[in-house]
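Visitor: Sequence lines, in order, name chains A and B.
Sequential numbering of the first sequence, starting at 1, is according to our numbering.
Sequential numbering of the second sequence, starting at 1001, is according to our numbering.
Derived from the structure by calculation, the hints contain no laboratory data.
Ideal Cβ placement from N, Cα and C applies to all residues, glycine included.
Misleading hints may appear alongside valid ones.
To be verified - Here chain B is said to cover these stretches of chain A; the calculated rule only asks that three of the stretch's residues, wherever they fall, bring their Cβ under 8 Å from a Cβ of chain B:
{"id": "1", "stretch": "16-28"}
{"id": "2", "stretch": "78-92"}
{"id": "3", "stretch": "98-105"}
{"id": "4", "stretch": "109-116"}
There are 2 protein chains.
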Amino acid sequence: MAWEIKNDRPVYIQLVEELEMRILNGTYTVGTKLLSVRDLAGEAQVNPNTMQKALSELEKKGLISSRRTSGNYITDDEKLIRDLRTELASNEVGEFCGKVKKLGITKKETIELINKEDF
Amino acid sequence: MAWEIKNDRPVYIQLVEELEMRILNGTYTVGTKLLSVRDLAGEAQVNPNTMQKALSELEKKGLISSRRTSGNYITDDEKLIRDLRTELASNEVGEFCGKVKKLGITKKETIELINKEDF
DNA sequence: ATTATTGTATTATATCAATAATACAGTTAA
DNA sequence: TTAACTGTATTATTGATATAATACAATAAT
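Turn these sequences into a full structure, and let the hints steer you where they fit.
Guide: Quick look at the structure:
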């Protein structure tokens, strides 16, 4: 699994985004146990403290729950996951449209550009 | 003119982005003189040194040229502006599509969401 | 019972972004 | 000629991020 951490933004933020993405898109299965903090840090090649910070952010959002001596677990609240996924998508669309609009690109042109993309 | 500087990313980067946007979308007219470093900093409510850093980045890109004791001038290279605008749009589209694809959203759904947007 | 593993807390250090306060040389405007 | 304004350079300080090295209590595994 690719952990593409750049150094243009805080690492722990990028870890939160990647972990959240994996939960929302189903890469990490609902209710299952995550790798340990140390193992996740090893995978992503970051300091364990940085990964710990990212995980605590995810717990604040309710996406994982940590059982102190057992491990971190993905939430089993499927509605929360659906809702956050929808919200994230909506935010991305809004942000993107704001940018291209500001660039003076029309909606029609935008859709043409997207149609050329491969997905 | 709105300078919406948040504190989630380096301020000077956000200044570069905003200034570049204004040049590429024609808010700042080709060949004309910019406000002074100090005045721009005042408008954006940032430290003059931070604005200076942003302007030096724009000069590296060729979007402005500074005449040492006269001021900063927008480039008159209209082709450069067109090309950078196209490149920026292309990058935004690519990045956006990558994200929604990763979220598991189809191209069709994406276009429907964009059609709901107002622009 | 003992050992290993878990999340978590603490402390220290290095780096970078940002701000701040000045300073200077060259040009323009008065 | 003077005075004001220009970009630019320098130095110092602050705060946030990241890393690092440990430590500890609770649990799981042996």
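Visitor: If a hint holds in the structure, say so; if it does not, say that too.
Guide: Each hint, compared with the structure:
{"no.": "1", "hint": "16-28", "verdict": "holds (count 4)"}
{"no.": "2", "hint": "78-92", "verdict": "holds (count 5)"}
{"no.": "3", "hint": "98-105", "verdict": "holds (count 7)"}
{"no.": "4", "hint": "109-116", "verdict": "holds (count 5)"}
Hint compliance for this structure: every hint is met.
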